[in-house]
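Protein chains in written order, with this note's numbering: chain B, 89 to 616; chain L, 243 to 656.
Among the hints, a few may not be true.
[To be verified] 20 Å max Cα-Cα, derived DMTMM-like pairs, lysine to aspartate or glutamate:
(1) Lys619(L) - Asp417(L)
(2) Lys254(B) - Asp193(B)
(3) Lys460(B) - Glu332(L)
(4) Lys370(L) - Asp193(B)
(5) Lys460(B) - Glu295(L)
(6) Lys652(L) - Glu572(L)
(7) Lys484(L) - Glu583(L)
(8) Lys571(L) - Glu583(L)
(9) Lys178(B) - Asp207(B)
(10) Lys267(L) - Glu444(B)
(11) Lys486(L) - Asp623(L)
(12) Lys616(L) - Glu428(L)
(13) Lys460(B) - Glu265(L)
[Unchecked claim] From the derived model, a few chain B residues whose C-beta atoms are all more than 10 Å from chain L:
(14) Phe208
(15) Arg418
(16) Val497
(17) Glu608
[Said to hold, decoys possible] A partial selection of chain B residues facing chain L, derived with a Cβ cut-off under 7 Å:
(18) Lys452
(19) Thr458
(20) Ser459
(21) Val599
These are calculated hints, taken from the structure and not from any lab test. Note that the structure is a prediction, hence the values are computed from the model and not measured. Glycine included, each C-beta is placed from N, C-alpha and C at the ideal position.
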Amino acid sequence: MPIGISQPPFLVTGIMFRIYFRVWHKFMWEVFVIFGFGKSKDKRKEKPDKMEKNNRSEAIPSRIADCESLMKKAFGISSDIVIQAFETQKGKAMIVYVDGLSNTDLIDRDVISPLKSRDFEGDVTGAIQSHFTEVLNIPACVGQILQGNTAIFYEGKKKAFIVDFKKFETRSVDVPDSEAVIRGPREGFTENLRTNTSLLRRKIRSPKLIIEHTSLGRQTNTAICIAYMDGIVNRDIYKEVKYRLTKIDTDAILESGYIEQYIGENTLSPIAGMSITQKPDVVAARVLEGRVAIMCDGTPHVLTIPELFIENFQTAEDKYNRVLLSSFLRLLRLFGLFITVLLPGLSVAVITYNQEMMPAVFLKSLISSTSKTPFPMGAEIFLIVVMFELLREAGTRLPKAVGSAITIVGALIIGDAAVSAGIVSAPTVIIVALTAVTSFIVPSLVEFTLVYRLLLLLLGGMMGLIGIGAGLTIMLIQIISTSSFGVSVLSSFSKEEMKDSVIRFPLWSLVYRPISIVKENRKRKIKK
Amino acid sequence: MKRFICIFVCFPILLTGCWNRREPKNLSLISSVLYDRSDDGTYKTILEIINPEAEGGPVGGGGEKSPIITVEGEGISIPEAIRMTSQSLERSLFAGQTLVRFFTEKLAKHDIMSVQDYFFRDPLTDEKPYVVVVKGDNPEKVFECKLGLSENLGNYIDGLKVSQHNFITRSVFVDTLTFIKDYFNEGKQPVAGVVEITEEVQSEKNDNKSAGGSDDGNEKSGNTKGSEKRYKLIYTGLAAFKDKKLVGYMDDMEASCYNILTNNFGNGVINLSEDGGGNLNTVRIASAKTDINPSLKDDKLSFDINIRCSNTLTQVSDKYDISKSEPLKELETLFNKTLKEHIGSTIEKAQKAFKSDIFGFGIAVHSKYPKEWKDMKTNWDNAFSLAEVNVSVQSKITRSGQLKKPLLLKEDAS
Chain B
89 MPIGISQPPF LVTGIMFRIY FRVWHKFMWE VFVIFGFGKS KDKRKEKPDK MEKNNRSEAI
149 PSRIADCESL MKKAFGISSD IVIQAFETQK GKAMIVYVDG LSNTDLIDRD VISPLKSRDF
209 EGDVTGAIQS HFTEVLNIPA CVGQILQGNT AIFYEGKKKA FIVDFKKFET RSVDVPDSEA
269 VIRGPREGFT ENLRTNTSLL RRKIRSPKLI IEHTSLGRQT NTAICIAYMD GIVNRDIYKE
329 VKYRLTKIDT DAILESGYIE QYIGENTLSP IAGMSITQKP DVVAARVLEG RVAIMCDGTP
389 HVLTIPELFI ENFQTAEDKY NRVLLSSFLR LLRLFGLFIT VLLPGLSVAV ITYNQEMMPA
449 VFLKSLISST SKTPFPMGAE IFLIVVMFEL LREAGTRLPK AVGSAITIVG ALIIGDAAVS
509 AGIVSAPTVI IVALTAVTSF IVPSLVEFTL VYRLLLLLLG GMMGLIGIGA GLTIMLIQII
569 STSSFGVSVL SSFSKEEMKD SVIRFPLWSL VYRPISIVKE NRKRKIKK
Chain L
243 MKRFICIFVC FPILLTGCWN RREPKNLSLI SSVLYDRSDD GTYKTILEII NPEAEGGPVG
303 GGGEKSPIIT VEGEGISIPE AIRMTSQSLE RSLFAGQTLV RFFTEKLAKH DIMSVQDYFF
363 RDPLTDEKPY VVVVKGDNPE KVFECKLGLS ENLGNYIDGL KVSQHNFITR SVFVDTLTFI
423 KDYFNEGKQP VAGVVEITEE VQSEKNDNKS AGGSDDGNEK SGNTKGSEKR YKLIYTGLAA
483 FKDKKLVGYM DDMEASCYNI LTNNFGNGVI NLSEDGGGNL NTVRIASAKT DINPSLKDDK
543 LSFDINIRCS NTLTQVSDKY DISKSEPLKE LETLFNKTLK EHIGSTIEKA QKAFKSDIFG
603 FGIAVHSKYP KEWKDMKTNW DNAFSLAEVN VSVQSKITRS GQLKKPLLLK EDAS
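This is chain B alone, in the form it adopts within the complex (with noise of 0.2 Å):
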């Protein structure tokens, strides 16, 4: 029988397999190095700042003139540092702080007042009315002063009491932006890491949640937050974090980003191996699943380490809503996830290879609304995609009421006008625009979802659905190879984790926290 069919087509595709694997095979790992599965450049070596060295350690004099010189000194002639000697019944006193960062009414009420009293007997511990500490250095008495402390000084005690009387104006507590719920808590993060751990510890109220705190940044000093659950956190990943933590070398961390860039070991990868959020309940969810969780000041964006590539399909409201909405939910995600990616290559792969999987009345249709544009279908997709990131870009960026104008303008002048103007037909614009919604389904993957669609596009206008099979098994290796700190992002896909995974179980039958994170006290449940 003449059944067997060996068109050309097949042949050539078979050689080309062969080459492709051929070459694959050969330098795949040098490939991986290139899209940054090897160990990422370490840049972070630079020459330690002049000032730091300036800054040895100096003890303090027991002369008041000299304290104000010294610390004069140290702040230069900024404005908003205070530096304010005064005499009281036995000796000179300083106090100094930054205006604006304390209560100066707590100060005047709490110090000076007191200091300045007649019955003052020269007990400086005493007549402070607070709880101070005290260091015996310049630095650190700088560093206590930037942090919004304020620093009192006597004359003859060589040391210097930290009060604290921070106050600041700061954002209240309000709902994230991003990460809006149905059910759930609304409150997410501010910028003051306080607040912060606050928020955290009124979801956690168990001595085992540990905060600990650390400073990074030579000129920013940022102050930083670890918070994880003692007993419940690996170990191992507890200790990378803190390695990589130390190793940061830089003058600046205005960002969590600055610390995910920093200690991520997947530099060119567009998954990140951390993930990040806005809401306390969220947190406290992950660092009671065995994960560290870097607050950082400044920034309502914590980070938790590490992730798990489902992470990004799971919101909070899972766990809120029952069980069949939410198994619901995270496929549909995950089906989102693959139209974002998969749509726009593959339609051009199928249009222009394969147009007999298409049902013939639409490839009648698309054919006569093809035939009046002058770009290639390929051409037309990628166009429009382009088109979009850019109004996307413009959307964000422009004040509120002018982007959702721009937005309009847009999507509907431009998309309908370059319809009916026979730029681009009208298949393209359903397909880049299914595109475009589907990728807010899954926003943390922006990066992700961006890097391969661009790639899938451009390999199925190449190649057809070979290119496709070729772009997602670059895709699939990439995922496979990317770990977080150690766990491999895709290690969710194990027995017990699957309960928690593409579909939810209900809450009673997840025994196990994730056990790829998860070292010691594996189990949720206590009684059998």
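Got chain B sorted already, so can you dock chain L onto it with the hints?
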């Protein structure tokens, strides 16, 4: 080094690829194809190509353009003839959506297999379309026939398949792959669908006018009025092949029996009348199952064919009060007798007139007598035509429809 590898990886991506890229805007969709062979051995093909601008386009459209165009090509071989169509067609041919292949009677009688190799070898074509033989002397008129509500012939035939399967299965729809499989099957001969072109009877002027008046905007029908003949397409019966050649046709009832015998029966009615005149009862065959049992005794081959039907009554004359069991039994017996006659005559036609085992009885023999089959298969068609066939029909009327007693049944006054 890394730059090297980057280039290396990009090379295969850039250098392969474009060999198969077809922009949809450059395609012409072939809906159906007619293959013809003239007496001097040259082939002619007529392609029916869908006109995408005819309607459904985003802008404009309109009734002025015909939904299809036809192009012709001639050549010494079919591939040549098909490619010669590009003499008058500016878009590249795309046969991936072709639904029907028509073969003229001449070609089918000459040798239908000579062109099949091409269908399977050329990436342009595939094995999906139906094989249909066009009966009659002017097969090219098939593209001028009225097409019901469809836009093109391919969709028309494809739609007929569904509608006939649901209403009255008196034809066969055989795709190219099945046709080829049957051809290479030693215990079965292929069949194909048949299309008959009949000239539509010109109606009276008044009728024409009223038809044209209601059919506003259709210029074509207006122009053709009176000047041109109009044709009608009838898809019924089947074309029986023996080896490579068309040997004859079966009519609609025989095709229905063919479908019952090959267990492909979809739906159909059968008229039962005892005396041939009035008292017409109609039975819808809801399902039919056929078992073919060959038996070989003293080198004499015979077949026992058991057909089991379950039926639904669709029309009952007043002679049968089917609310009682005896008249129902009578009807069932009548049905068995009628169907048996039809089946018997169908098999006899294949045996005597065609000498071709289109029912696939040989497959049953092969599976029951594999050793004897080895000797038998070389001369199978002859053995088939001499075999004795016993048909037995068992039927049951399972439903009487929405009525119980016949509407016209005169009830006794008591």
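Evaluated hints:
1. Taken as a hint, the Lys619(L) and Asp417(L) pair is broken in the structure, with Cα atoms around 25 Å apart against an allowance of 20 Å.
2. With a C-alpha separation of about 11 Å, the suggested pair Lys254(B) and Asp193(B) falls inside the 20 Å cut-off, and the hint holds.
3. The hinted pair formed by Lys460(B) and Glu332(L) meets the criterion: a straight-line CA distance of about 16 Å does not exceed 20 Å.
4. In summary, the hint linking Lys370(L) to Asp193(B) is not supported, as the alpha carbons are separated by about 89 Å, beyond the 20 Å threshold.
5. A threshold of 20 Å between alpha carbons decides the hint, and for Lys460(B) with Glu295(L) the separation of about 10 Å falls inside it, so the pair holds.
6. Annotation: proposed proximity of Lys652(L) to Glu572(L) holds, straight-line Cα distance about 19 Å (limit 20 Å).
7. Distance check on the hinted pair: Lys484(L) and Glu583(L) sit about 24 Å apart at the alpha-carbon level, beyond 20 Å; violated.
8. Under the criterion of a C-alpha separation no larger than 20 Å, the hint pairing Lys571(L) with Glu583(L) is consistent with the structure, at around 18 Å.
9. The hinted pair formed by Lys178(B) and Asp207(B) meets the criterion: a straight-line CA distance of about 10 Å does not exceed 20 Å.
10. Distance restraint check for Lys267(L) and Glu444(B): the Cα-Cα separation of roughly 14 Å lies within the 20 Å cut-off, and the hinted pair is therefore satisfied.
11. With a C-alpha separation of about 13 Å, the suggested pair Lys486(L) and Asp623(L) falls inside the 20 Å cut-off, and the hint holds.
12. A distance of roughly 10 Å separates the Cα atoms of Lys616(L) and Glu428(L); the hinted pair therefore holds under the 20 Å criterion.
13. With a CA separation close to 12 Å, the supplied pair Lys460(B) and Glu265(L) stays within the 20 Å bound.
14. At roughly 72 Å, the least C-beta separation between Phe208(B) and chain L is larger than 10 Å, which holds for a residue marked as non-interface.
15. Distance check on Arg418(B): its Cβ is at least 34 Å (rounded) from any Cβ of chain L, clearing the 10 Å threshold; non-interface status holds.
16. Distance to chain L confirms Val497(B) as a non-interface residue, since its nearest Cβ pair spans about 22 Å, more than 10 Å.
17. The claim that Glu608(B) lies off the interface holds: its Cβ sits roughly 42 Å from the closest Cβ of chain L, which is beyond the 10 Å cut-off.
18. Contact between Lys452(B) and chain L, as hinted, is supported at the beta carbon level, the nearest pair being about 5 Å apart and thus within 7 Å.
19. Because the beta carbon of Thr458(B) sits about 4 Å from the nearest beta carbon in chain L, less than 7 Å, this interface hint is met.
20. At about 4 Å, the closest approach between the beta carbon of Ser459(B) and any beta carbon in chain L falls short of 7 Å, and the interface hint on this residue holds.
21. Taking 7 Å as the C-beta contact cut-off toward chain L, the hint placing Val599(B) at the interface is violated, the least distance being around 46 Å.
In this structure, the hints that do not hold are numbers 1, 4, 7 and 21, in rising order.
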